[in-house]
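**Student:** If you read the sequence shown in the working numbering, its first letter stands for residue 7, the second for the next number, and so on.
Read the hints as simulated data drawn from the structure, not as lab findings. Given the structure is predicted, the values throughout are model-derived calculations rather than measurements. Beta carbons are placed, not taken as given, at the ideal position from N, Cα and C, and that holds for glycine. Treat each hint with caution, since some may be false.
Capping the alpha-carbon separation at 16 Å, the derived lysine to aspartate or glutamate pairs in EDC-like fashion look like this [what the hints assert, rightly or not]:
| # | residue 1 | residue 2 |
| --- | --- | --- |
| 1 | 333 | 392 |
| 2 | 21 | 51 |
| 3 | 64 | 9 |
| 4 | 333 | 363 |
| 5 | 159 | 136 |
| 6 | 333 | 368 |
| 7 | 65 | 29 |
| 8 | 65 | 90 |
| 9 | 315 | 233 |
| 10 | 376 | 366 |
| 11 | 64 | 54 |
| 12 | 333 | 254 |
| 13 | 357 | 344 |
| 14 | 21 | 54 |
| 15 | 36 | 54 |
| 16 | 64 | 95 |
| 17 | 302 | 147 |
| 18 | 21 | 392 |
| 19 | 376 | 352 |
| 20 | 36 | 83 |
Restraint ranges, calculated between C-beta atoms of paired labels, are given here [as the list claims (entries may be wrong)]:
| # | residue 1 | residue 2 | range |
| --- | --- | --- | --- |
| 21 | 385 | 199 | 36 to 46 Å |
| 22 | 132 | 290 | 33 to 43 Å |
| 23 | 317 | 391 | 17 to 27 Å |
| 24 | 290 | 360 | 36 to 46 Å |
| 25 | 203 | 126 | 25 to 35 Å |
| 26 | 392 | 63 | 14 to 24 Å |
| 27 | 392 | 50 | 22 to 32 Å |
| 28 | 190 | 329 | 49 to 59 Å |
| 29 | 242 | 76 | 41 to 51 Å |
| 30 | 356 | 242 | 41 to 51 Å |
| 31 | 93 | 18 | 40 to 50 Å |
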Amino acid sequence: MCELLAPAGNLGKLKTALYFGADAVYLGGKLFSLRSFADNFTDEELGEAIRYAHARGKKVYVCANIFAKDADFRALEAHFRLLEALGADAVLISDPGVFRLCRRVAPRLPVHISTQANTLNAEAAALWQDLGASRVVLARELSLAEIAAIHEKVPGLELEAFVHGAMCISYSGRCLLSDYFDGRSSNRGACVQACRYRYRIQSDEGRGEWYDIEEDGRGTYILNSKDLNMSAHLAEFAAAGVTSFKIEGRMKSEYYLATVVNAYRRILDGGYTEALGRELLCTAGRAFTTAYAFGKNPGTVSYDNSQQKGDCGYIANVRGCAAGRVKVEMRNRFREGEVLEVLSPDENFSKEIPVRDLRDAEGEPCADAKLVQAEYSFICPYLLHEGDLLRRRQ
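Using the sequences and the hints given, assemble the complete structure.
**Tutor:** Below, the structure is given as structure tokens:
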């Protein structure tokens, strides 16, 4: 049985990911995680997250995948002991020294090897298994054939692979650009995404004229990668030995998570369709690529600086439904008479609702829901549930 693994930048996003069908989430504490700009979790929130997930039969993996310095190890020791006591389902580690410490101080805590460790071959995978790792998150540069070869040689090791989300132009994230330009180390969680910048060149060691770098007459973003999308190829990943399908995006919104997790859950359960493939265009993003799954691919560079708007706009969170009316928390403006669409893990998915008899939190009629996070209600022919979202086709 393949696992759908989703990112969780905070507790709200964790709940959204699990509601829409993720089998497990990965997240970070306030330290040691490679997404230090995400909200992340305090020690108390880690405990709450693990209890919430376990009560629903889901798993929580905690990232501790920085490349550590000696000054980090005292706090890392305490962190691993805490995760073991809380019952975390695994910790993700990149650094061999951090791995050694974790196995020593928290021997019952399962360890997954992060993609930052750049596991590209069966010998490296076997080494991690021999040292006690239960899973390896494979480097994103591998093809399906190479993944299958690793699985054949190390059949007892769980393999996890990214299937959707932003791609790093560097070798599985080992990048120095962020540190060089802004003093923020991507290898310690503070990446500023310098690969997305617009670059120019200058001749004569800084004394000459500036020149634009043009490619195909479209742009200069030569280090900017397209987004990964393997939604049509999950069966091929499973056949190659991958047991956990990972979605990137701890910095993404709840709406993004709901849309992407919902689509992948339905694909895993019922197979790929063009309609579900189009669902992944409903959020902001870059052009898609299959990266290196089928071998060398020179077409992974995105020549557009910014993400494109999705086909749908995020409108509201459903807070309840009774007596033929739905109560929502507004996130983007909508009006009486507009048609909204349901985003839900159940049979109400993609159903349309015309906004009729719109009322504010006091029950007074209104024609325009324009107060962000204010409560509104309107007539609804379906029994929606808290956790469902409403969106509008652009």
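**Student:** Is the hinted pair residue 64 and residue 54 satisfied, with a Cα-Cα distance of at most 16 Å?
**Tutor:** Cα-Cα ~13 Å, so holds.
**Student:** With a cut-off of 16 Å on the C-alpha distance, tell me whether residue 333 and residue 363 pass.
**Tutor:** holds, 12 Å
**Student:** So the hint says 33 to 43 Å: do the beta-carbon atoms of residue 132 and residue 290 match that?
**Tutor:** holds, 40 Å
**Student:** Okay, residue 93 versus residue 18 on CB: inside 40 to 50 Å?
**Tutor:** Violated - the Cβ-Cβ distance for residue 93 and residue 18, about 22 Å, lies outside 40 to 50 Å.
**Student:** Sort out whether residue 95 lies within 16 Å of residue 64, counting only the CA atoms.
**Tutor:** Holds - the C-alpha atoms of residue 95 and residue 64 are around 9 Å apart, at most 16 Å.
**Student:** Could you check the hint for me, namely that residue 392 and residue 63 are 14 to 24 Å apart, CB to CB?
**Tutor:** At 19 Å between Cβs, range holds.
**Student:** Just to be careful, I want the Cα atoms of residue 21 and residue 54 compared with a cutoff of 16 Å; is the pair within it?
**Tutor:** holds, 11 Å
**Student:** In this structure, is the beta-carbon distance linking residue 317 and residue 391 contained in 17 to 27 Å?
**Tutor:** holds, 24 Å
**Student:** Is residue 65 close enough to residue 29, meaning Cα to Cα at most 16 Å?
**Tutor:** holds, 7 Å
**Student:** Sort out whether residue 90 lies within 16 Å of residue 65, counting only the CA atoms.
**Tutor:** Roughly 14 Å separates the two Cα atoms, so the pair holds.
**Student:** Are the Cα atoms of residue 315 and residue 233 separated by 16 Å or less?
**Tutor:** This hinted pair holds, its Cα atoms lying about 14 Å apart.
**Student:** How does the Cβ-Cβ distance of residue 290 and residue 360 compare with 36 to 46 Å: does it lie in that range?
**Tutor:** violated, 26 Å
Hint violations for this structure: numbers 12, 19, 24, 30, 31, all remaining hints satisfied.
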